[in-house]
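Residue numbers (our numbering), protein chains in the order written: chain G, 1 to 366; chain B, 367 to 732; chain S, 733 to 1098; chain W, 1099 to 1464.
Treat the hints with caution; some may be incorrect.
Taking CB as the label site, the calculated pair distances span [as the list claims (entries may be wrong)]: (1) B:HIS647 / W:ARG1372: 56 to 64 Å; (2) B:LEU679 / G:ASN277: 42 to 50 Å; (3) S:GLU1056 / W:GLU1137: 45 to 53 Å; (4) B:LYS645 / G:ASP174: 40 to 48 Å.
Here are a few chain S residues that sit away from chain W, every Cβ distance over 12 Å (derived from the structure) [unchecked claim]: (5) GLU771; (6) PHE787; (7) ASP888; (8) LYS929; (9) GLY959.
Taking beta-carbon pairs under 8 Å as the criterion, some of the chain S residues facing chain W (in silico) [what the hints assert, rightly or not]: (10) PRO842; (11) ARG863; (12) VAL877; (13) TRP912; (14) ALA930; (15) HIS934; (16) ALA962; (17) ASP971; (18) ALA973; (19) LYS983; (20) GLY990; (21) ALA995; (22) ASN1017; (23) ALA1019; (24) LYS1039.
Since the hints were derived computationally from the structure, they do not count as laboratory data.
Just so you know, even glycine gets a beta-carbon here, dropped at the ideal spot from N, CA and C.
Protein chains: 4
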Amino acid sequence: MSFNSFGRIFRFTTWGESHGPALGVVIDGCPPGLALRAEDIQAALDKRKPGTSKFVTQRKEPDAVKILSGVFEDDRTDGPRTTGTPISLMIENVDQRSKDYSDIRDKYRPGHADLTYDAKYGFRDYRGGGRSSARETAGRVAAGVIAAKALDHVLDTEVTIKACLVQMGPHIIDRDRFDWAEVEKNPFWCPDPVAAKAWEGHLDAARKSGSSMGAVVEVVASGVPAGLGAPVYGKLDADLASAMMSINAVKGVEIGAGFEAAALSGEENADEIRMRNGKPHFLSNRAGGVLGGISSGQDIVVRLAIKPTSSILTPRRTITASGEETDIVTKGRHDPCVGIRGVPVAAAMMAIVLADHAMAHKAQCG
Amino acid sequence: MSFNSFGRIFRFTTWGESHGPALGVVIDGCPPGLALRAEDIQAALDKRKPGTSKFVTQRKEPDAVKILSGVFEDDRTDGPRTTGTPISLMIENVDQRSKDYSDIRDKYRPGHADLTYDAKYGFRDYRGGGRSSARETAGRVAAGVIAAKALDHVLDTEVTIKACLVQMGPHIIDRDRFDWAEVEKNPFWCPDPVAAKAWEGHLDAARKSGSSMGAVVEVVASGVPAGLGAPVYGKLDADLASAMMSINAVKGVEIGAGFEAAALSGEENADEIRMRNGKPHFLSNRAGGVLGGISSGQDIVVRLAIKPTSSILTPRRTITASGEETDIVTKGRHDPCVGIRGVPVAAAMMAIVLADHAMAHKAQCG
Amino acid sequence: MSFNSFGRIFRFTTWGESHGPALGVVIDGCPPGLALRAEDIQAALDKRKPGTSKFVTQRKEPDAVKILSGVFEDDRTDGPRTTGTPISLMIENVDQRSKDYSDIRDKYRPGHADLTYDAKYGFRDYRGGGRSSARETAGRVAAGVIAAKALDHVLDTEVTIKACLVQMGPHIIDRDRFDWAEVEKNPFWCPDPVAAKAWEGHLDAARKSGSSMGAVVEVVASGVPAGLGAPVYGKLDADLASAMMSINAVKGVEIGAGFEAAALSGEENADEIRMRNGKPHFLSNRAGGVLGGISSGQDIVVRLAIKPTSSILTPRRTITASGEETDIVTKGRHDPCVGIRGVPVAAAMMAIVLADHAMAHKAQCG
Amino acid sequence: MSFNSFGRIFRFTTWGESHGPALGVVIDGCPPGLALRAEDIQAALDKRKPGTSKFVTQRKEPDAVKILSGVFEDDRTDGPRTTGTPISLMIENVDQRSKDYSDIRDKYRPGHADLTYDAKYGFRDYRGGGRSSARETAGRVAAGVIAAKALDHVLDTEVTIKACLVQMGPHIIDRDRFDWAEVEKNPFWCPDPVAAKAWEGHLDAARKSGSSMGAVVEVVASGVPAGLGAPVYGKLDADLASAMMSINAVKGVEIGAGFEAAALSGEENADEIRMRNGKPHFLSNRAGGVLGGISSGQDIVVRLAIKPTSSILTPRRTITASGEETDIVTKGRHDPCVGIRGVPVAAAMMAIVLADHAMAHKAQCG
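Same shape as in the complex, but just chain G:
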């Protein structure tokens, strides 16, 4: 039992608070011999890091990662290689501005974990949300980089994992315009260039009015062979649901047709199968690539609903820790749509779950 760890074989533990000296992650169970440099991880962290556009928090964090263990280089290893022992990564906090949070020390911010941490632990590190801060997800992104390497190594194939925003607030992309190539071209990871353009205005308006917006992230893994997963409680989709729901602000997870499947008929929902190039070929993907908890060889498709940022400038009614009624305005440097920064995190969690299952599959059936 470990509440700050995730994974069965490829297993990692994150630690750290928003305003402590540092935060980090320890990855255990990584295969040995994988090429790994801090730069590989840094590139991914840079996509998630704060301060990259006006649409994300203006906190200035370099999020510079250090590898403290588990990687070794000498003239025979052809660059730094994972050793098979725990990989410890650390990111020092720099731009902490603890004073920003002094006035919310006693007030419970609606939508935040202030009340619940106090209820559980008796007190809390209130600076920047402490352990419940989205800064924890830096560790996930870092672990995701290593997981992606482990996944390809263990499967001896190349799995492609992509993620994007398919909805911002009530605004949904047009699937006919879906283009993965667009995703890196706008600050929203939006695959629909027309929607991306419109979202700028929507989010700007929300931001200026002291409000915030929710979002829906879609993650797709291509190239995953059939057979990863397990029956009953170690189902691939059950693990994906746990992985995604554990990301800050996520309130829903669905696989394939997801909630829409409830409205379909049996004929519509069950993906028919033919042969193509000597391999099973599904004529649709309502299942999202998972049947009975095991990958089918189709794309694995997961969507997650992310609530609007709870830290807003509009005053909200709340109480203090001592039970007095009051109002609160959450100043500070907040993401107007925290879903944007959830995109690389969700992709990382997909890589982590798949790597873990690839290793488990190899252990039992390989």
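Given chain G, work out where chains B, S and W should sit, using these hints.
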């Protein structure tokens, strides 16, 4: 790592196939001293068991549970009591009719785990879905009965867990007519009497036309104190997501406002707080009773999307294990809407997750 | 966390009390496709079962094992094969004679777990030791049979695991007479025929005088390749220590030179290495086949100290559950040297630990 | 599954290599509200650290610990307090002298994990033993400090854990002179002042002749209430065996009478019980405080055998990684008796196992 177990402290393992001699569950970590009779468990199993109306499978299974260990009675224990050691429960399979499945031995049923089990394990017990059969959920319901007792015992309070069907196919209940008292009065666990009436016709039509329907289940736990759960990877909602997604045919899970939260503004979504009777009182429950992975004291509200039964009489295109294209009609005795029988299973999983977290909370913070 | 489970990937859970209706084991994580019949398991159980000679308990238990799940046979599987899903095994208790234990219901038997179970759980199933009975080890032996098959399958080699008694009471075998072929020829699993002969008299005398004897078991695994195990907390020897210490009545575990290593000099203790047939060849085996927690390719040698049976006919001073001082004589059908029946159990645990590590190694480094 | 973690509820993960930039430990599951300063941990580390006398390695490491997360202080917490979130501790490596190890890069040191790491992982960080270095135990000692606080907090009592060296090489202490007060007065943690005096000469001689000595450590926990532990695989003694065997160079573990129990008769071995001051009082402690895997209220007594340091100046025969026969002399700064530094480590592991079981007991039976 155990793919057929669930839970951290209150932990259970299920075993058994649809057409093997028996199936069962072993529960480890249950508190000692809880009153427990086979009849308590039987009552819950009877709600889930097949053959109770024309709207569920006509397989005739008494689903009679035997307690094989972990309970002891003598004149000092005032009836049978849990001993704190593993509780082993067994249900013998009676109405197996293996011959029903002989023609699907080689054909992969679309929407089923036939192809994926073969891909993973090299072969499969094809009789009635083998391990992927919904019969496995009998073990969950049995474990749920014990979990509910453990939960109340550990919290020293009474938690109420209810579940119902809020959508069948495209037909959604009217929330204005929502009445928990209606749930036990119709064969659909539907809280809206008008909808329940209409659903009879819809499901009958689907059944007669060889089709099937999906559904959405809602589970609500009331009376859960604030403080259960944990940060990051042991979040109460992450565990609920895993628990619910592990139920057969579930394709989506959401907490509170769920996917609708994505479309809300920050002001709409963050539940404001006032004091009432000296305790925090939330003015809404968009969060579904969980903030930062920890219970807030509000009702915990989870919904799960269940796909339509994949076993249908309408012919579907598929392939054989050896790669030939063919068609398939899944005869046999199938639920036209497997979501109906998912209702008690979802309630059981809620009890299990809460009991586990109540025990974990006691260990660390009690 | 599960207190009645063992193993990481090849993981099993035992359940059952001495005088309940049955006891059993659920094995999760077994590779699919292994040939497995109840007869394979029965043969091993017969070696451990009670009533086979006057030197073990006279309880008459057929210990007939039933396979309830996880194995499937049809005309394509060439006999029953494991499916990769949980294997549930059950042994019904037959000769329970609960009345034998009625007089120890209130008295704490010295050396037994009576006082400690009451202290932990508030009450206990006092019949035959309940959960602390050595009957639980039947599940281990059954799991060991499957583990041995899994081990050879995963390693694609043949590992030989043997166990014997090298000491009974103060009587130690002569290593110069050590002969594995003798082990099956006497009721003590003794590899020294001269000692075996002498032990008959020693144990008979102990039994007749209402006393009992301790023993030391030695387990040797040959053919284990170098590389199984892991650093630090998942060390092969740490897992072996846990596995062996978990067997009833075991009070010590040592690897290779064990406690004697403390008295050796560095030169004596460190096994020198040469090449032989192109492979590393150690000139001694003080390490017992494990270096840094990882197998070295040498024989893995473990010894365990088993205390004398606590149930004896000689009166001992004790107290009752309500705190009155009294004397106790433990009648019933007890092993005069429980170490004898520990031999197949220790061998089973060796197979289980090795299978688990072989699978873990394959997952990470395979 | 995690090979670098230990514990079920009070769970920690260590990371780091001997010659990497740092090493550390992450502790998850610690109760909130415990007073904790870096100085508390530093005091314990100073007892274990290198360079404190001529009888331990002369490597100069300040072993200065930093707390990176999980502790928070403001004016309401009365000094720094644990928050209930992961506590991350880091110790930077300072005196690494990697060049000392350049000549053993290719040679396998007998008694070391060089060959086995290469066999497992394909290559290894050979500098100072890499992950298999005894430096890893600094993390254990740090975790032990926090565990001891957690233990007392959870039990609401004061448990005393002491450890000492009862044997060095073939030289055993005289139990009649056993005095805990002596332990801190000599560089060997020896409770027998006469033996301590003699050991100086023995160890000096060994050191000067380029040899090394083994040792036996004894750990005693007093004040542990009856009821901690669990049946079968979560036995307190099984966990202690695993904990102790996981310490570098340990080759044997025993509880209470241990291996001597094998030679005792049933009457001698079973500790008789009387009442004293209204509580059960055992007349002896052959069981070492554990019956049926559960604490009995007596002192918990564990001994561990530690092999002589494998790094010696006497030339030994060995091979290279490429299979050539050669000789090796292990220069560098090595402990002539690594058992000495094992004393605080063993005490730390005792605290960790007890804290974990105290929390588990509270969860299930509290």
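Checked hints:
Distance hint for HIS647 of chain B and ARG1372 of chain W: a CB-CB separation of about 58 Å, consistent with the stated range 56 to 64 Å. In this structure the hint that LEU679 of chain B and ASN277 of chain G lie 42 to 50 Å apart at CB is violated, the actual value being about 31 Å. The beta-carbon spacing between GLU1056 of chain S and GLU1137 of chain W, approximately 50 Å, falls within the hinted interval of 45 to 53 Å. The beta-carbon spacing between LYS645 of chain B and ASP174 of chain G, approximately 47 Å, falls within the hinted interval of 40 to 48 Å.
With a minimum CB-CB distance of about 27 Å to chain W, GLU771 of chain S clears the 12 Å threshold, and the non-interface call stands. Interface exclusion of PHE787 of chain S from chain W stands, the closest Cβ pair being 15 Å apart, more than 12 Å. Non-interface call for ASP888 of chain S relative to chain W: holds, since the shortest CB-CB distance, roughly 16 Å, exceeds 12 Å. The Cβ of LYS929 of chain S lies farther than 12 Å from every Cβ of chain W, with a closest approach of about 20 Å, so its non-interface assignment holds.
With a closest Cβ-Cβ approach of about 4 Å to chain W, GLY959 of chain S is found to fall inside the 12 Å limit, against its non-interface label. Residue-level restraint check for PRO842 of chain S holds (minimum Cβ-Cβ distance to chain W is 4 Å; threshold 8 Å). Because the closest C-beta pair between ARG863 of chain S and chain W is about 5 Å apart, less than 8 Å, the hint holds. At a threshold of 8 Å, the smallest CB-CB gap from VAL877 of chain S to chain W is about 18 Å, leaving the interface hint violated.
With a least beta-carbon distance of about 21 Å to chain W, the hint placing TRP912 of chain S at the interface is violated under the 8 Å criterion. About 15 Å separates the beta-carbon of ALA930 of chain S from the nearest beta-carbon of chain W, more than 8 Å, and the hint is not met. This hint is violated: HIS934 of chain S has a C-beta 11 Å from the nearest C-beta of chain W, more than the 8 Å allowed. With 8 Å as the threshold, the beta carbon of ALA962 of chain S comes within range of chain W, its nearest partner Cβ sitting at about 4 Å, so the hint holds.
With its C-beta approaching chain W no nearer than about 7 Å, ASP971 of chain S sits inside the 8 Å limit, and its interface hint holds. Because the closest C-beta pair between ALA973 of chain S and chain W is about 4 Å apart, less than 8 Å, the hint holds. At a threshold of 8 Å, the smallest CB-CB gap from LYS983 of chain S to chain W is about 5 Å, leaving the interface hint in force. The criterion of a C-beta within 8 Å of any C-beta in chain W is met by GLY990 of chain S, whose closest approach is roughly 4 Å, and the hint holds.
A least Cβ separation of about 4 Å between ALA995 of chain S and chain W falls short of the 8 Å threshold, and the interface hint therefore holds. Interface restraint check for ASN1017 of chain S: the shortest CB-CB distance to chain W comes to about 12 Å, outside 8 Å, so the restraint is violated. Interface hint status for ALA1019 of chain S: upheld, as the beta-carbon distance to the closest one in chain W is roughly 7 Å, under 8 Å. Of the supplied interface hints, the one on LYS1039 of chain S holds, with its beta-carbon coming within about 4 Å of a beta-carbon of chain W, less than 8 Å.
The structure is inconsistent with the numbered hints 2, 9, 12, 13, 14, 15 and 22, although it conforms to all the rest.
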